[in-house]
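Go ahead and model the full structure; you've got the sequences and the hints to work with.
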Amino acid sequence: MPNVTFIEHDGTVHTVEAELGATVMETALKNDVSSIVAECGGGCTCATCMVYVDDAWSALVGPPSADEEYQLDSAFEVKPTSRLSCQIKITEALDGLIVRTPAYQGR
Amino acid sequence: MSDIIKTDVLIIGAGPVGLFAVFELGLLDIKAHLVDILDKVGGQCAELYPEKPIYDIPGIPLITGHGLSEALMEQIKPFHPTFHLGEMVTTIENIGDPLFRVTTDTGKTFECKSVVIAAGGGSFQPKRPPIAGIEPYEDKSVFYAVRKMENFRGKDIMIVGGGDSALDWTLNLQPIAKRLTLVHRRDDFRGAPDSVNKMRALVAAGSMDLRIGQVSELEGADGQLAAASVKDKDGAVTRVACDAMLPFFGLTMKLGPVADWGLEMDGELVKVDVSTFESNRPGIFAIGDINTYPGKLKLILSGFHEGALMSQRVHHYIHPEKRLVFQYTTSSTSLQKKLGVA
Chain H
1 MPNVTFIEHD GTVHTVEAEL GATVMETALK NDVSSIVAEC GGGCTCATCM VYVDDAWSAL
61 VGPPSADEEY QLDSAFEVKP TSRLSCQIKI TEALDGLIVR TPAYQGR
Chain P
108 MSDIIKTDVL IIGAGPVGLF AVFELGLLDI KAHLVDILDK VGGQCAELYP EKPIYDIPGI
168 PLITGHGLSE ALMEQIKPFH PTFHLGEMVT TIENIGDPLF RVTTDTGKTF ECKSVVIAAG
228 GGSFQPKRPP IAGIEPYEDK SVFYAVRKME NFRGKDIMIV GGGDSALDWT LNLQPIAKRL
288 TLVHRRDDFR GAPDSVNKMR ALVAAGSMDL RIGQVSELEG ADGQLAAASV KDKDGAVTRV
348 ACDAMLPFFG LTMKLGPVAD WGLEMDGELV KVDVSTFESN RPGIFAIGDI NTYPGKLKLI
408 LSGFHEGALM SQRVHHYIHP EKRLVFQYTT SSTSLQKKLG VA
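Protein chains in written order, with the working numbering: chain H, 1 to 107; chain P, 108 to 449.
For the record, the hints were derived by calculation from the structure and aren't laboratory data. Cβ atoms here follow ideal geometry from the backbone N, Cα and C, with glycine treated the same way. One or more hints might be untrue.
Footprint (simulated), chain H over chain P, 3 or more residues, beta carbon under 8 Å [unchecked claim]: (1) 149-163; (2) 227-241; (3) 265-273; (4) 354-361.
Below, the structure written as structure tokens:
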């Protein structure tokens, strides 16, 4: 199974196994990455699961969809590498993915 | 202070579970009023996923959040519930055995024999931007809603956000502002196209300012804002004079006043008896996502079940003299009369 590394704002690092086809958000919740809130449960409607994709992975992960970009309007400290983790699906190609979490998800 | 509104039951929360509770209570001749902080019914179904599919409502392979709210409103029509939207219940006081006096943040007062908390994840409240030192300005010069437009007349107003709320208030307040600045993180707006066009025309005419960036710092004293710094995507900072700010970043769920009602809680959830869904305060019930008990699942269908069982117990409080005979809507003429189909 592919690995994903979450680096939280306070420096806590979680390297965890991710199920193929699951989302990065689901992977975070399953592994108690507490800075992913995911209030809407993965519907791309709340912007409380934002991550910063590591620069080395940003191109491979790709940009947000128009809908997701719109949701990012209600997130804070949005950067060019910001994505909503519920919208990133784990594939073999993403084995080793590194994402960072913001200090504040709006709640 | 308005007159006291008397009802059998007050339901807090008009999401799917609160709505269906009206049905189950109604079949037992129990009248309900509902209070919800949102300006529409449907709760999370309306606010978080109106267009998203729900696949696990029994007998309905696929329905959207909006569709489910609509269907429930149709289903509860025979019971004529009264809705109080855009309000939040703040206090629940025992004044009898059981009789409650319930107040809302807009000053309404209810008297009821039972209270049903169907508040889901709590109350939807505006997201607060993580700008250092914003707290002293809140409700003095930083506002998350416009209560009275007149309070903004002649002010340097900064509105932050890119959705309909930000655009609507930009268009409403621009004519009475000294100067209005709209700040959004990107030069693309997903609000209604007509509002976007109107805003762009005002900018082109020099009647307001549009800045692309994120607010990074506030200046002022004693809660009175004087200026805000806006950082663009290249990191350049511009200081903009403003004496009122309106950030619109959508809503988030907060537990809110539920924590102050003397209820036995498990974290942010109300503990209930599994046969009645009554809390530790007799006459106060909790159903749906807001409650917890061994084996609890946060499913809409669980909330529906909890509403049915809760109603049986509430019946004891509302009609203590009447024996409750269990009946089916399929075969009971009396239930069908209540539904207006017999």
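Confirm or reject the coverage of the region 265-273 of chain P by chain H under the rule of 3 or more residues with a beta carbon closer than 8 Å to the chain's beta carbons. With 3 residues closer than 8 Å to chain H, the region 265-273 of chain P meets the three-residue bar; holds.
How does the region 354-361 of chain P fare against chain H when you require at least three residues with a CB closer than 8 Å, holds or violated? holds (count 5)
Quick check: do three or more residues in the region 149-163 of chain P have a beta carbon closer than 8 Å to a beta carbon of chain H? holds (count 4)
Given that the region 227-241 of chain P was listed as covered by chain H, double-check it with a C-beta distance under 8 Å for 3 or more residues. That given contact holds, which follows from 5 residues of the region 227-241 of chain P lying within Cβ reach (below 8 Å) of chain H.
In terms of the numbered hints stated before, the structure departs from none.
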